[in-house]
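For the sequence shown, position 137 matches number 137 in our numbering, and the numbering has no gaps at all.
Please keep in mind that the hints were generated in silico from the structure rather than gathered at the bench. The reader is advised that the hints may include incorrect statements.
Computed list of lysine-lysine pairs in DSBU-like fashion (alpha-carbon distance at most 35 Å, straight line) [stated by the list, open to error]: (1) Lys100 <-> Lys78; (2) Lys141 <-> Lys78; (3) Lys41 <-> Lys11; (4) Lys3 <-> Lys17; (5) Lys98 <-> Lys11; (6) Lys132 <-> Lys8; (7) Lys11 <-> Lys141; (8) Lys141 <-> Lys41; (9) Lys100 <-> Lys3; (10) Lys139 <-> Lys3; (11) Lys141 <-> Lys17; (12) Lys17 <-> Lys41; (13) Lys41 <-> Lys98; (14) Lys132 <-> Lys41; (15) Lys98 <-> Lys78; (16) Lys100 <-> Lys17; (17) Lys3 <-> Lys98; (18) Lys78 <-> Lys11; (19) Lys139 <-> Lys17; (20) Lys141 <-> Lys100; (21) Lys78 <-> Lys139; (22) Lys17 <-> Lys132; (23) Lys141 <-> Lys98; (24) Lys98 <-> Lys132; (25) Lys41 <-> Lys78.
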Amino acid sequence: MTKESRSKSLKSIFERKGGIGRYTLIFSQMQGMQQQVILQKVSLTHQEVPVIGSFRSANDWLLITTDRVIWCEREDLKSIPSSAILSVSPSQFGEVNKQKMCRLLIRTLDFGDVTLDIEEGPPFFGIWNVLKNFATRNKRKDESGRISS
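Please model the entire structure based on the sequences and the hints provided.
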């Protein structure tokens, strides 16, 4: 799968299963200054395309690319490759109303468990499903010994 087709597929999942919010958008629809702040802090590879961005401030943002999940919390930049995602689930099941969920627990292969704060509502469900897509692809890779498209 090409990086362009992968990007298109992830955008489609985000839009069908959730959608944009106040802070969370398809990356290309974000304000230019927001894109610039994120891209100044992230070195994308030539094979990597930014897909979904969430921007609350210069020190509180999330970027999902075709290859990674990258986020900044209080000036602390963190990243996990999409190939390391094993499973994704809400960390608040039963604690809050479904529409108020805003925390995702990501279990990874080599990076331990990661909890991300996500904008509640449609962005939460869109991002959850995009990350579940990464986990599903990785499971298929494990079963077949290669990445399936």
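Status of each hint after checking the structure:
1. Lys100 <-> Lys78: holds (25 Å)
2. Lys141 <-> Lys78: Holds, at roughly 25 Å.
3. Lys41 <-> Lys11: At roughly 22 Å apart (the allowed maximum being 35 Å), Lys11 and Lys41 satisfy the hint.
4. Lys3 <-> Lys17: With Cα atoms ~21 Å apart, Lys3 and Lys17 stay inside 35 Å; holds.
5. Lys98 <-> Lys11: This hinted pair holds, its Cα atoms lying about 23 Å apart.
6. Lys132 <-> Lys8: holds (16 Å)
7. Lys11 <-> Lys141: holds (22 Å)
8. Lys141 <-> Lys41: holds (30 Å)
9. Lys100 <-> Lys3: Given pair Lys100, Lys3 holds - Cα atoms ~33 Å apart, limit 35 Å.
10. Lys139 <-> Lys3: Measuring from Cα to Cα gives roughly 20 Å; hence the hint holds.
11. Lys141 <-> Lys17: holds (24 Å)
12. Lys17 <-> Lys41: Distance of about 29 Å is within 35 Å: holds.
13. Lys41 <-> Lys98: The hint holds at about 33 Å.
14. Lys132 <-> Lys41: holds (26 Å)
15. Lys98 <-> Lys78: holds (27 Å)
16. Lys100 <-> Lys17: holds (16 Å)
17. Lys3 <-> Lys98: holds (33 Å)
18. Lys78 <-> Lys11: holds (22 Å)
19. Lys139 <-> Lys17: holds (21 Å)
20. Lys141 <-> Lys100: Within the cut-off at roughly 33 Å; holds.
21. Lys78 <-> Lys139: Cα-Cα ~23 Å, so holds.
22. Lys17 <-> Lys132: Within the cut-off at roughly 11 Å; holds.
23. Lys141 <-> Lys98: Roughly 31 Å between the alpha carbons, so the hint for Lys141 and Lys98 holds.
24. Lys98 <-> Lys132: Holds: Lys98 and Lys132 sit about 17 Å apart, inside 35 Å.
25. Lys41 <-> Lys78: holds (11 Å)
Hint check: no violations occur; every hint is consistent with the structure.
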